[in-house]
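Engineer: Sequences are here, hints too, so could you generate the full structure?
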Amino acid sequence: MIDWPMLAAIALGHFCLAVLMVNVLHGVGIPEGNPTRVVKLIGVSFLGSVSVGLAMLVLDRPWGDWPAVARLYAGLCLLVGAVGLPIVTVSRRFRRLPTGVSGTSTRVDLTDSIPKDELIGPAWDSFWLRIPGNECFRLDLTDWELGRPRLPGPLDGLRILHLTDLHLTPAYSDRFFEAMLAQAEGFEADLVAFTGDLVDDEAMLDRVGPLLSRFRGRLGQYAVLGNHDHRTAPVGAAEALRSAGFSVVEASWTAIEVDGARLAVGGTSAPWGPLPDPAATPEADVRLLLSHSPDTLGWASRRGVDLVLSGHTHGGQYRLPVVGSVILPSRYSRRYDCGFFRLGPTLLYVSRGIAAQHPIRVNCPPEISRFTLRTAAALPAVPGAHRAARTPAAVPNSTARHQM
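The opening residue of the sequence shown carries number 1 in the UniProt record's numbering; numbering runs sequentially from there.
Derived CB-CB ranges, DEER-like:
id, residue 1, residue 2, range
1, S213, P132, 32 to 40 Å
2, R331, R216, 31 to 39 Å
3, S252, D109, 36 to 44 Å
4, R242, A203, 14 to 22 Å
5, I30, E188, 37 to 45 Å
It is worth saying that the hints were derived from the structure and are not from the lab. Every residue, glycine too, gets a C-beta built ideally from N, C-alpha and C.
Structural biologist: What follows is the structure, encoded as C-alpha cells:
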C-alpha cells in the first residue's frame, strides 16, 4: 500500500534540494550560461528520480528492495521535507527588526494615476505585466531610522537614499521608469546610493542620464554594477552612471569628511567583480559598503563595516504564503532575501529593488528606501547572529509606523 504522506514529504524534500542547488549556482558568480545548463541537468535528474520512485510504487516494491542510493537519497529528502522545511519556515516567521531600527512606509500604485497600458513596454515578455495580481506597478517608499552606537555628532541625521535593480528593459515603458523614480524625488538625501543591475538591454543605456541625474546629495552619488550589468555592458553601464553624476566605487573606497567626522563609502559587485583590497579599508567613523549581492555580509563584518546596502535578490519576486521567497540567486539560498540582517557590528539591508528582467512580482512589490543615521546607545553584541525583518506594513497613500 502506498504511503502517500511519506511520498509527499519525499517529493517536497527533493524539490527543496533542487531549489537550493539552483539558488546557490546562480549566486556564486560562475560564467554566464553554465547555471542554465546545470539547471537543465537538475530538471532531468528530478524527472529521473520521480520516475524511479513511481516505478517502485507501481511495482509495489517494499522500501528494503529499493536501490541503496535511492533509499539514502529518499531518506535525505524525507528529512528535509518533513523536518527541515517546517523548522526553517517557522523560524523565518519570527524574525524581528534589529535593535535600534524603526521605519515608516507608504505604498503607491502607479495605475491609480497612469493607465496600465502606458506603463507596459513593447517587448515580447511584457505580457506578464497584464496578469492580474502582478505587483510590478506598486511601490513601497520606506523611510528607516538606524540607531548606531558611537555615531559622531556631524553624522547624526545623515540621510542615504538607496536605489537598486533598475533593470532597464523594453518590457517596461519609459513612462514606467520615469514614474517609479519620480516617487522618490520627495526623499531628500545627503548621499545617494545605487547598488547595481542598471540594464538588461544595452540599447537602454541612453535612458540612464535622464532617469538618474535628478538625484543629488550634498555628499555625492555613488554606485556599483550588478551581475546583469557585467553580462550586458559593464563598460557602458559604468560610463552611463558617471554621466548621470555617480561615482562608481567598484572594488574601492572613498573617504568623505563631514565637519570633522569621516564617512567611508566602498563598493563591490562580487562575486561577478572584485572585492575591495582589505588593506585599503580606510579609517572612518562610519563605513558604508554598497554591495550588489548581500552575500558579502561576512566579509564586511570582518572588516568593521557599519552598514551594507544591497539588492540583487528582488526579495524573491514571488513570495508564497507562509513559506515566503523560493527562487533567490544567492550562495546562501533564501537566507538574505529582503530586509534587515545583522552579523556582529554590521547591519545589512537587502532591497527588493525597482524592476526585474522577468517582469512579474507576487507578494513582493518594488521598493525605494531612505536611511537616516541616528546616535543611539550601544547595540547589544550578538556574535554570529543573523537577524532579519520584513519591511513595515505599507499603507496605501499613507504611512505606518513599525518600531522595535
